[in-house]
Amino acid sequence: MAQSTTSAHAVASPFRGAATLADEWKPRRFTSLRGVVQDRSALVGLGILLLVTIAAVFAGVIAPYDPSELDPTANLSSPSSAHWLGTDNLGRDLFSRLVFGARWTLGAAGLAAAGIVLLGVTIGIIAGYFGGIVDDLLMRLVDVLLAFPSIVLALAIVGMLGPSLPNVLIGMVAVWWVDYARVVRGLTLKVVQNDYVLSAHCCGCGSGRMIWRHILPNVIPSVIVLATLELGSLMLAISGLSFLGLGAQPPTPEWGTMLSDGRLFFLNAPQLMMYPGIAITLVVLGCNLLGDGLRDALDPRQRKT
Amino acid sequence: MVQFVLRRLLYLVPVWIGISLVAFLLANLAPGDPARLALQRALGRQPTGAETAAAREQMGLNDSPPVQYLNWLGNALTGDLGLSYRTGKPVLESLVERFPTTLQIAGGGLLLAIAIAIPLGVLAAVYRRGPIDHLSRVVALLGASMPSYWVAYLLILLFSVRLGMLPVAGSQTWQHAVMPALTLGIGGSASLMRLTRSEMLETLGQDYIRTARAKGLHSRTLLVRHALRNTMIPISTVLGMRFAGMLGGAVIVETIFSWPGIGKLVVDAIFDRDYPMIQGFVIFMGTAFLLINLIVDIGYGLIDPRIRLARR
Numbered sequence: 001m002a003q004s005t006t007s008a009h010a011v012a013s014p015f016r017g018a019a020t021l022a023d024e025w026k027p028r029r030f031t032s033l034r035g036v037v038q039d040r041s042a043l044v045g046l047g048i049l050l051l052v053t054i055a056a057v058f059a060g061v062i063a064p065y066d067p068s069e070l071d072p073t074a075n076l077s078s079p080s081s082a083h084w085l086g087t088d089n090l091g092r093d094l095f096s097r098l099v100f101g102a103r104w105t106l107g108a109a110g111l112a113a114a115g116i117v118l119l120g121v122t123i124g125i126i127a128g129y130f131g132g133i134v135d136d137l138l139m140r141l142v143d144v145l146l147a148f149p150s151i152v153l154a155l156a157i158v159g160m161l162g163p164s165l166p167n168v169l170i171g172m173v174a175v176w177w178v179d180y181a182r183v184v185r186g187l188t189l190k191v192v193q194n195d196y197v198l199s200a201h202c203c204g205c206g207s208g209r210m211i212w213r214h215i216l217p218n219v220i221p222s223v224i225v226l227a228t229l230e231l232g233s234l235m236l237a238i239s240g241l242s243f244l245g246l247g248a249q250p251p252t253p254e255w256g257t258m259l260s261d262g263r264l265f266f267l268n269a270p271q272l273m274m275y276p277g278i279a280i281t282l283v284v285l286g287c288n289l290l291g292d293g294l295r296d297a298l299d300p301r302q303r304k305t
Numbered sequence: 306m307v308q309f310v311l312r313r314l315l316y317l318v319p320v321w322i323g324i325s326l327v328a329f330l331l332a333n334l335a336p337g338d339p340a341r342l343a344l345q346r347a348l349g350r351q352p353t354g355a356e357t358a359a360a361r362e363q364m365g366l367n368d369s370p371p372v373q374y375l376n377w378l379g380n381a382l383t384g385d386l387g388l389s390y391r392t393g394k395p396v397l398e399s400l401v402e403r404f405p406t407t408l409q410i411a412g413g414g415l416l417l418a419i420a421i422a423i424p425l426g427v428l429a430a431v432y433r434r435g436p437i438d439h440l441s442r443v444v445a446l447l448g449a450s451m452p453s454y455w456v457a458y459l460l461i462l463l464f465s466v467r468l469g470m471l472p473v474a475g476s477q478t479w480q481h482a483v484m485p486a487l488t489l490g491i492g493g494s495a496s497l498m499r500l501t502r503s504e505m506l507e508t509l510g511q512d513y514i515r516t517a518r519a520k521g522l523h524s525r526t527l528l529v530r531h532a533l534r535n536t537m538i539p540i541s542t543v544l545g546m547r548f549a550g551m552l553g554g555a556v557i558v559e560t561i562f563s564w565p566g567i568g569k570l571v572v573d574a575i576f577d578r579d580y581p582m583i584q585g586f587v588i589f590m591g592t593a594f595l596l597i598n599l600i601v602d603i604g605y606g607l608i609d610p611r612i613r614l615a616r617r
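Top line first, the protein sequences correspond to chains S and X.
Anchor point for the first sequence: position 18 equals 18 in the working numbering, and the numbering is continuous, going up by one each time.
Numbering-wise, the working numbering comes out as the position in the second sequence, counting from 1, plus 305.
Chain X extracted, bound-state conformation (with noise of 0.2 angstroms):
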């Protein structure tokens, strides 16, 4: 098992790096001098030509590129993603205290589609096309089409505005949550009912469920123990895959419930033009996604040991 999690671990440096590289290209992309830039916002004016200058030999933008690259990233390695433009402060800093607000109304949109995919994936699949199945394609198909900020406006009209049980934005309390992570947990619910029918359809189709149907098993634990616990497996891999993209989708909805979390963090940078901010969002992103599968795929070799002695 450790020798399986070296191997994972060592086939992420590459990939890390390709994002760091990824992440310094893009503050390229940003038009003017990043040096003129940064004065501006500290001097509050137009910076003189010597300014600039001095500024581009104190941020080292005269270095050739490599060397550019080689400095950012050993920065970056001891934690230091440079300073807000809007702020001011370490954008490292903010970006993992913001975090964990994210982390909130990811998982909470996750248990939610957990809750809504899996029963109704199952009972689709063991009801073949009856009514349960057919409603379960309707509401999969709806789910995947809907716009996730309208679905969160619908949301409010229904619980805020009619009902006048939750609370519209902010982040006071724990209702001030369920929005955001039930907007997350519609959109996510789709695709994992469906798959989730699928791969229970298979699993069902399998010699060893027939056998123990034959030697007389409850059905409920023929489903439960049997042919879920199978399903789980593939299940499990997309549920990371889920969770990476509800972290993705949060921009959105962080903005429409005003959730302080890191999309909302970032949707205002891009306003303001905090590049570093943005350049820091990426690598930081980028890492917790690396970590997120690397959890995956731990816990996959941990469920099924095929995946941990394999490609031994």
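Next up, chain S with everything else stripped away, as it sits in the complex (with noise of 0.2 angstroms):
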């Protein structure tokens, strides 16, 4: 597996145009996916990740209640037949918190993770690609932003904006774009040396068009293998916030907010934190595996011994 894919990047002929480029993805697409069906952990992270996107997109088929709906007459009661993991102090059934839950969870971190990508992308290939003035003061930034471990100053964001959830994501999104423009823009220069971008250049191609079809089908392999093995982390950092009260707020069935929730009653039912934690832990578990797999199929020179 590992030797088509470099041998599909090895074979590279002066006068080679635009069209071929597309021949050389096809062996590569291909033989990345056989790579992660033939990796049995990263199978596992696809399919937690899959399980939790369902229950978060069919939450409510699959919820036997409504998140928020309070029943006084069972507060903190133990699982049961009406109430498959028990239900929290007001009453809430546990089970519809959590799948109701996947839906913001998941959904903060993609969003947030969409975002990242966007900005992240866009500046990478901008500073790549044009180069001079503009990837010098761009790198500048990049390098005061990685001065900070990230959730310091996505914290300092929040704190000045004021706690909430949409605040939160904006923190992300400023915070968290910088590896990958750095990925990017490495990537981009390595591109912009091959033949066929300067042939391309050559027939009149302009800078738009380039990054469209020339450089951006080059990133995005690499984009995809950072932003999977990053989820978890993303995810992790947004739980986080709303755990300390500063992201998704009370009664919002966010896993972190939930798990905050239930640490007023961890004596007594510590189940209303081990059900969320255990969800998050999860959910990342299965991004760190998909990543992983992905990276050693899409990328073998980065392949962990």
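One thing to keep in mind: the hints can contain errors.
To be verified - Across the chosen pairs, the derived CB separations fall in these ranges: (1) S:F58 x X:G475: 39 to 47 angstroms; (2) S:L282 x X:P424: 26 to 34 angstroms; (3) S:V57 x X:L440: 30 to 38 angstroms; (4) S:F265 x X:Q511: 54 to 62 angstroms; (5) X:A420 x S:L282: 24 to 32 angstroms; (6) S:L146 x X:D338: 31 to 39 angstroms; (7) X:S541 x S:H201: 28 to 36 angstroms; (8) S:V57 x X:R530: 51 to 59 angstroms; (9) S:S164 x X:L440: 38 to 46 angstroms; (10) S:H201 x X:K520: 33 to 41 angstroms; (11) X:D573 x S:S164: 51 to 59 angstroms; (12) X:D573 x S:T73: 32 to 40 angstroms; (13) X:M470 x S:D71: 31 to 39 angstroms; (14) S:F58 x X:Q511: 49 to 57 angstroms.
To be clear, the hints were calculated from the coordinates, so they are not data collected in a lab.
Fair warning: this is a prediction, and the values are worked out from it, not measured in the lab.
Beta carbons are placed, not taken as given, at the ideal position from N, Cα and C, and that holds for glycine.
Can you join these two chains into the complex? Each is in its own frame, and there are hints to help.
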């Protein structure tokens, strides 16, 4: 598998036009998917993420109760046929809250990731493609942002804007794009040295078309790997801020908020903190497993020994 | 060596200016007029329009943004980061007072992470594909996937509730620091363990290891003196990053364990809308991380002459 991937890279003859780029992509995409399918732990990760995504999308169908429906007769009840995982201090069904929580936790992380990728890729390509003073300025900004652990600056942004989930997402996007910008800039610098970029340039290909057709497709696989690998830590950071009370506010069934709600009762009813904790761990584990598998398959040079 | 340190210091200047700019601009994100907010806190009532205008003039808010920045930078360089809205005390004083407390649990966390990660990582590399290797992979994956705030409560359940060994919250005795440090250490050990393993595997494949083995060196001496020592070079850089990460992670952990460090200070400041404190936190932490990186770089240069002689 690794062999065919490298050979796809190695075949580089002069006068190769843009059309052959597509040919170069087919075998690579194919091998990468096969690589993931052969990697059992990556499949497990994919399975976990698919399951939770289905739960998030069809939460209304899967969850037996409304997540904020109170049942005063059943406070902190233990698991039963009526409430599969029991109820919380207000008599809300824990299983339903967990299922709807997938929507919030996954949705928030997905939204933040989309913003981060968009911003990071745009800035990375601009810096790498145009170079010069634009590149210098953007990379100095990257250096500054890298001087902080991401959570510190995100926390300060949320602190200034005021606690709320949208502000947490703004803070995340404002800080986390840096990694993507650096990776994408490096890749762009490499791609523009290819002969097909030169020949496209000679054929009168403008900057916009060049970026869209020739640079972006080369950058995307690495971005996907990075995004999957970082989705887990992004989720941990967002739920962490929600846990502190800075993100999603109660009664939102976001998992970090649920965990935070449960801590008042954790001596009598530790399950209130157990289930959301297990849920977050599982999903982050899924991201990490899938991310590792994708990295090994798409980018064999970075494969761990 | 002096030249190496000077060069590193010089490189820090533009980054620090950038950090100060970020901290300055952050204050503009806060909603409302800062002069009005400060007056409101000081007077305990809504200030009049004339009072606000006078305060704006006095605080220099009518100057152009570059002038405001330069004034603010000048103050910051002389150690004046403004007064906390909440306590009225100088921001820098509070930050300096709380920082060592955070260093205690972050330092403890780093030591615990090293104690967990390096032996397990080395063993995983030596007995590659054996049971220890698999165990270390599971531990590393779980360590990287569990939220620190959840780990903290699991530790409380185990050590305080079940075993009754450690106090839950506070900072009176050294026992209070164990669980915060352990929480940070567990999170930090995951990536460190995998790195130790992969670096160790790479070192073990080197020619000089084969030579050492061929001349009949005892395997323990070989591992510690030849392999681990070379492996420590890349690991030491990552240790600096881990430490910085733990200082950041302390925000959550300190809140859970009521540990009176800088993280708890800033979370309290956020809920009190104590904007000068949040701004001070950013520039203080930014400076601290720069210095940590500098120390790591210098240490790196001391261990490995190739680094300090390069790019001369």
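Results of checking the hints against the structure:
no.	hint	verdict
1	S:F58 x X:G475: 39 to 47 angstroms	holds (45 angstroms)
2	S:L282 x X:P424: 26 to 34 angstroms	holds (28 angstroms)
3	S:V57 x X:L440: 30 to 38 angstroms	holds (36 angstroms)
4	S:F265 x X:Q511: 54 to 62 angstroms	holds (55 angstroms)
5	X:A420 x S:L282: 24 to 32 angstroms	holds (28 angstroms)
6	S:L146 x X:D338: 31 to 39 angstroms	holds (33 angstroms)
7	X:S541 x S:H201: 28 to 36 angstroms	violated (45 angstroms)
8	S:V57 x X:R530: 51 to 59 angstroms	holds (57 angstroms)
9	S:S164 x X:L440: 38 to 46 angstroms	holds (42 angstroms)
10	S:H201 x X:K520: 33 to 41 angstroms	violated (58 angstroms)
11	X:D573 x S:S164: 51 to 59 angstroms	violated (18 angstroms)
12	X:D573 x S:T73: 32 to 40 angstroms	holds (38 angstroms)
13	X:M470 x S:D71: 31 to 39 angstroms	holds (38 angstroms)
14	S:F58 x X:Q511: 49 to 57 angstroms	holds (54 angstroms)
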